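Participant: Please work from the sequences and hints to get the whole structure.
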Amino acid sequence: AQTVTQSQPEMSVQEAETVTLSCTYDTSENNYYLFWYKQPPSRQMILVIRQEAYKQQNATENRFSVNFQKAAKSFSLKISDSQLGDTAMYFCAFMKHLGETSGSRLTFGEGTQLTVNP
Amino acid sequence: DTAVSQTPKYLVTQMGNDKSIKCEQNLGHDTMYWYKQDSKKFLKIMFSYNNKELIINETVPNRFSPKSPDKAHLNLHINSLELGDSAVYFCASSPDSGKISYEQYFGPGTRLTVT
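Top line first, the protein sequences correspond to chains A and B.
Under the working numbering, the letters of the first sequence match residues 1 to 118, in that order.
Under the working numbering, the letters of the second sequence match residues 119 to 233, in that order.
No lab work stands behind these hints, which were simulated from the structure alone.
Everything numeric in this text was worked out from a predicted model, so none of it was measured.
All C-beta atoms, glycine included, are put in the ideal place defined by N, C-alpha and C.
Hints are not guaranteed to be accurate.
Below are the DSSO-like pairs computed for lysine-lysine, each with C-alpha atoms no more than 27 angstroms apart in a straight line [stated by the list, open to error]:
no.	chain 1	residue 1	chain 2	residue 2
1	B	K137	A	K96
2	A	K70	B	K162
3	B	K154	A	K96
4	A	K96	B	K185
5	B	K170	B	K127
6	B	K154	A	K73
7	B	K159	A	K78
8	A	K73	B	K162
9	A	K73	B	K159
10	A	K96	B	K158
11	B	K189	A	K96
12	B	K162	A	K96
13	A	K78	B	K185
14	A	K73	B	K158
15	B	K140	A	K78
16	B	K127	B	K158
17	B	K185	B	K140
In silico negatives: residues of chain A with every beta carbon more than 10 angstroms from chain B [what the hints assert, rightly or not]:
no.	residue
18	T5
19	E15
20	D26
21	S42
22	Q56
23	E61
24	Q69
25	A72
26	D86
27	F91
28	G103
29	G111
Facilitator: Written out as C-alpha cells, the structure reads:
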C-alpha cells in the first residue's frame, strides 16, 4: 500500500515571498502520478499541479512548481510570489492507475495549512 | 456548467436516521468516487464505481452503501447514522482514457453533521 507523508502541519509566509511545502511517499510502483491539491476555506478541492512519474522534468504552473525526486520519493511544492489567495490547506496525493476500466486510486497526505500574511 | 455536483451541500440530522447524498457528473467520465474527510481534514477513499461496477470498496461500515443508477450518478446512502459519521463527503470522477493523468475532478463536498 502507498503512504504519503506531509511533515509540516502548518506553515506561514509573507506576501510576495516564496515557500516550499514538503511531501514524501512510499511505493513499490514504477508508474504513478503525483498531485498537489489546494483546499481553501470554501472546501472545494482544486488541482494545483500534476507530475507523471515517468517524466524527469519538473512540472510548473505559473507561480507553482515542484521538485520531484523519484529515487528519494520526494515531491515538494514551491509557491513563488505568494498571494493572500494562496491561503489554504495543501494536500499532496499519490495516484495509481488501476486499469483501463477501473479508474485510479488517490492516496492523500495529511495536509499542510498554509497562511499567507499581508 | 457544474462539472461534478453534490446535493445537499449541508446535511444536519439526528443519530439513527437514514440519509442519502447524491452526486452527478456531466463530464462523460467513466469512474466515480466517494471520499470522506474527517475532522482533522484527512481525506480517504471509500468507494469507486466504473460504469456502474464497484471497483474500490474500502473498509467501511455496512451502513454505507453506494448506488450507481448510471455512469453519471453515484449516490451514497447511510443507514443508522452515528456521531462518528459527521464529516465532509466528497464525490469525484475521472475518465478512463483521453487524459494521460487520469485526473480526478472533485465535487463541492457535503458537510454531514450528526447530532
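Participant: Each hint needs a verdict: does it hold in this structure or not?
Facilitator: Results for each hint:
no.	hint	verdict
1	B:K137 / A:K96	31 angstroms, violated
2	A:K70 / B:K162	24 angstroms, holds
3	B:K154 / A:K96	19 angstroms, holds
4	A:K96 / B:K185	24 angstroms, holds
5	B:K170 / B:K127	24 angstroms, holds
6	B:K154 / A:K73	26 angstroms, holds
7	B:K159 / A:K78	22 angstroms, holds
8	A:K73 / B:K162	21 angstroms, holds
9	A:K73 / B:K159	23 angstroms, holds
10	A:K96 / B:K158	24 angstroms, holds
11	B:K189 / A:K96	21 angstroms, holds
12	B:K162 / A:K96	14 angstroms, holds
13	A:K78 / B:K185	40 angstroms, violated
14	A:K73 / B:K158	25 angstroms, holds
15	B:K140 / A:K78	36 angstroms, violated
16	B:K127 / B:K158	19 angstroms, holds
17	B:K185 / B:K140	9 angstroms, holds
18	T5	12 angstroms, holds
19	E15	24 angstroms, holds
20	D26	17 angstroms, holds
21	S42	8 angstroms, violated
22	Q56	16 angstroms, holds
23	E61	13 angstroms, holds
24	Q69	20 angstroms, holds
25	A72	22 angstroms, holds
26	D86	17 angstroms, holds
27	F91	7 angstroms, violated
28	G103	3 angstroms, violated
29	G111	5 angstroms, violated
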